[in-house]
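Given next are the chains, with one letter for each unit.
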Amino acid sequence: MTTDTLPRVAAQQSSGGRPKPRPWGQIAAQLFLISASILWLLPIAFALYIALRPYAETSKYGYVSMPHSLTLKNFSDAWSQSGMLHFFTNSVLITVPAVLIVLVLASGVAFVLVRVNVRVNVALLILFTAGNLLPQQVIITPLYRLYLQIPLPSFLSDSGLMYNSIFGLVAINVAFQLGFCVFVLSNYMKSIPEEMYEAALVDGAGLWTRFWKLTMPLCRPALAALATLLTTWIYNDFFWAITLMSSGDKRPVTSALANLQGQFVSNQNLIAAAALIAAVPTLVVYVLLQKQFIAGLSLGSSKG
Amino acid sequence: MSDVGSSGTNGAGMSPSRRSLLRGIAGAAGLSVVGGALLTACSSSSTSPGSGTGSSGAAGGPVTFGSNYSDPGVKAAFASLCTAATASTGSKITINTVDHNTFQTNITSYLQGTPDDLFTWFAGYRMQYFAAQGLALPIDDVWAKIGSNFGPAAKQLSTGLDGHQYLVPIYNYPWVVFYNKSVFAAKGYTVPTTWDAYLALAKKMKADGMIPIAFADKDGWPALGTFDILNMRINGYDYHIKLMKHQIPWTDPGVTAVFQHWAEMMPYMQTGANGRIWQDAAKALETKQAGMMFQGSNQVAQQYVTDGAKLDDLDFFVFPEINPAYGTDYMDAPTDGFMISKKAKNVDAAKAILEYIGTGAAEAGFLKTDMWDVALATGLSVPTYDAIQTKSAAEIAKCKAVAQFMDRDADPAMATAMIAIIQKFIDDPSTGNIAALQKSAEDQAKAIYTS
Amino acid sequence: MTSGTEASTPATAAKVRRRRGVRQLSARDKVVVALLLGIPLLLDLAFVWFPALATVLLSFTKWNGVGSLSTKACLPNVPSILNNGCLYGVQNYHQAATIYPEFWPAVQHNLIWLAVFILFATPLGMLFAVLIDRGIKGSRMYQSILFLPVMLSLALIGIIWEFMYSQNYGLINTVIGRNSNSNAIDWLGNPHLNLWAVLVEATWRQAGYVMVLYLAGLKAVDPSLREAATVDGANAWQTFWRVVFPVMKPINIVIMVVTVIESLRAFDLVYITNKGINGLELLSVLVTSNIVGETQRVGFGSALGVVLLVISLVPISIFLFQTFRREASITKDGS
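Residue numbers (the numbering used here), protein chains in the order written: chain A, 30 to 333; chain B, 796 to 1246; chain C, 61 to 395.
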């Protein structure tokens, strides 16, 4: 990203011309972004502030008051009283496989659509992309029935069905997110120069090798960007989890938070702490993959 | 303890799937394709230890119990009930706790999917509806043994439309007007027994700078209780039941009278109810900002206990008389209980557990921890009752009939429609709006009850 | 596109040679193609498209979600419980449009939602992106802060805004001194206010999402274009509107589609606020409460779902038409 911006900055400086409007423009832009950032952070900061204050204090003085004491006790209580580790594990068991499988499958589709002239290319792209845009509610009833019909071996699902199994949740998240990823990845793959493949062809590399060994590594930025978004979406999903999962203790952390809200409804400080803890994993993924995040999101090349 | 047991089971059950998925992806890197790799990985991992899930339900195996008792107070009481049931019957119980809102909205899918052997549910039409769909198991044989513990009303509440029993009740609780004794003593208020006295008291409280009636309806259902009590005070119990079954149209003048009385009371009720959860309204009562609150003891008294507020300052009176023909003969006193799902795997053990729960001793044990509900078993003296519970039991016993609650006596889809209608009424309790809302209710009732 | 920028020349040339017909592939490669396409296709068809079509069929039935469906017609004037799983014709649609009081408010709210997104949230996100893309100091930090709401879970967002909006305890009412029982503003309970209150939350999230998508597009704009414009004496404003914006057409379309779809799919914020009743009715919520509720009116809910589906298909088709045209023109270039 830094290398990308350098020439542009240089270009702006070299153009000279009008020295005055630019600093003012810069200052205005800075002021605008600073105030926007404050507005954007304020609600989150306020929730954090409440989570850091003891319940007894906020119930006496109200949420909007000077702090008499700050404590991490709400966080430790939320962690220990809710069995959060268990629900985090569920979330990981759902999110990690789902993100990996979506990325592999979507890359495969995108590769074939971009590199092999299948006659139904466009129709397939339409099918996948449109599928991702459907509202979840439109498909839930038949999906639920379907999940009750599909048997799974008992080591995949102790209910013996797709329904109420982590495997089932992974499957629907994969199916539902495929479209967007196919779209982004096919756009990204179009920007890979053909010369790369010519060389591989000369070496006699098969289609699989060209896909797995050549294309996939080149798509790393796009995959990282998608991984961030997918992690966010799948980790935060609660619609599939509450409709396709009947066991409370198999649900991911986001829908388990609803449980907590019922449990500690009169202690909002504790609930805020629990919800903030639950937000940590997506933030970690974002920070880790941040560098590739923007660069990898190719939504359609504007270069040609 | 049961939670730990069940989570362990799941962990063991799921890990092979994750392992095989990861292996599948790893395999895909080689020559084999994803699908094939998955299949081979699956078959080889079937021998891995710990894949036994314990849900096979052989006789003597654990009974699974789906519970919507998710709030901390009842959760503890329920856990102690299960421990006692295990001690009595020798069957282990695995509790599957789900947040009660989620549990209720998903009940249809839950019962058709992979339900637990036993599950918590509500008496009345709300039970009958699901029993009539063939989703619950009749338990007449259980009732043959426990029947003598209960009065005819409790048995009636547990009986489906087909005449079979489907539910074993555990407790009920009254919907009454709560207040703080200290506030009434300090201000010299007296308990009203008539509609006029009630309004006069509310007026006086308002003049004293208090919220006369704490009120919240963000969740939609609490206000149904106010409709029910006004309806039963004005039109009586039979009218209530007929209206709930749509044998009386919603455009009936009786319904208009209910809304008109409510509109009279509205200036004294806490404003902004549609944006407030009942817990916050209860908090207004707790902090003495509000003078009274009409709600179930299961909510208000429980909140006092959870918040560590002064429970001995809390008192209640039954909603005052409006129509002398019916006096204070009726009230909502919803009954909760337990049912066996049609798909239950461990039926015999589940029935044994219900037989235990259907005894006075089990109810008394449950109510040691639960300090806001009251037992249904006849002639049972519960030594651990506090003042609220003792008074609740006495007031319920005085009633000629008790209703369950609109969302338990009516088709649930109709209750859902009424939630929206009553929220609109709260926003605009004018006469013109009442007529429009009644018409809308009747149109929807026609679509819901007949085709 | 043909000769304007030097970057496009090799790309176009590559397209000419890029696509190889299936016939040229070896047997093993054909198997690879079949699997790479087949598995995702099967998943997508089985778990997305098949249920979507089944929903269309269900919308012509009366069914409470229990028991089996039959092809018998429903009997008139019979209690619902005996009239289950039967064919109901277009009655569900008729009832939705005539006697279901939530239907038209929901349509109206979806339209308001769409208008706010198009006129405010999306342009705001684009503005963020353009400013950040100019590489001003701290752009990485601004980007992270503004994107933060997109990553938060629904439960957290619900809690966060409850703290802001709560009548008696919330930040807003306390700061403006309207938190006493007589004058409190009921942000989330007043049906004339709550849609706007929730739209603030929605904008808070949507702007960050649009910003990221648009930033991705801006990064892909050839820097030499801007350079040329700047040399010609255009200021930043002119450069953006005359040079960058037109080149961004494909991304603009993506953003428009995302905006429209997100406003049609809007569900979670409203659901977490009050389950979508009392002034917050949206089509997606009505579908959910009828299909996923305690008593299910599957046929009726499906009919509402089909209405939503049909409306969604409009932007989807426009978008696909655009994509398709581009694809087609590329293929033509290649032949």
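These are calculated hints, taken from the structure and not from any lab test.
Do not rely on the hints blindly, as some may be mistaken.
[What the hints assert, rightly or not] Computed list of lysine-lysine pairs in DSS-like fashion (alpha-carbon distance at most 30 Å, straight line):
hint, chain 1, residue 1, chain 2, residue 2
1, B, 998, A, 89
2, C, 132, B, 1241
3, B, 1234, C, 335
4, B, 1219, C, 132
5, C, 309, B, 1138
[Stated by the list, open to error] Have a look at the derived ranges for each label pair, beta carbon to beta carbon:
hint, chain 1, residue 1, chain 2, residue 2, range
6, C, 253, B, 1231, 44 to 54 Å
7, A, 313, B, 1082, 52 to 62 Å
8, A, 149, C, 158, 41 to 51 Å
9, B, 927, A, 102, 44 to 54 Å
10, C, 183, B, 992, 40 to 50 Å
11, A, 99, B, 989, 16 to 26 Å
Don't be surprised by glycine CBs; every beta carbon is placed ideally from N, CA and C.
Going down the list of hints, with the structure as the test:
no.: 1; hint: 998/B with 89/A; in the structure: holds, 28 Å
no.: 2; hint: 132/C with 1241/B; in the structure: holds, 21 Å
no.: 3; hint: 1234/B with 335/C; in the structure: holds, 24 Å
no.: 4; hint: 1219/B with 132/C; in the structure: violated, 38 Å
no.: 5; hint: 309/C with 1138/B; in the structure: violated, 56 Å
no.: 6; hint: 253/C with 1231/B: 44 to 54 Å; in the structure: violated, 22 Å
no.: 7; hint: 313/A with 1082/B: 52 to 62 Å; in the structure: violated, 40 Å
no.: 8; hint: 149/A with 158/C: 41 to 51 Å; in the structure: holds, 42 Å
no.: 9; hint: 927/B with 102/A: 44 to 54 Å; in the structure: holds, 50 Å
no.: 10; hint: 183/C with 992/B: 40 to 50 Å; in the structure: violated, 60 Å
no.: 11; hint: 99/A with 989/B: 16 to 26 Å; in the structure: violated, 53 Å
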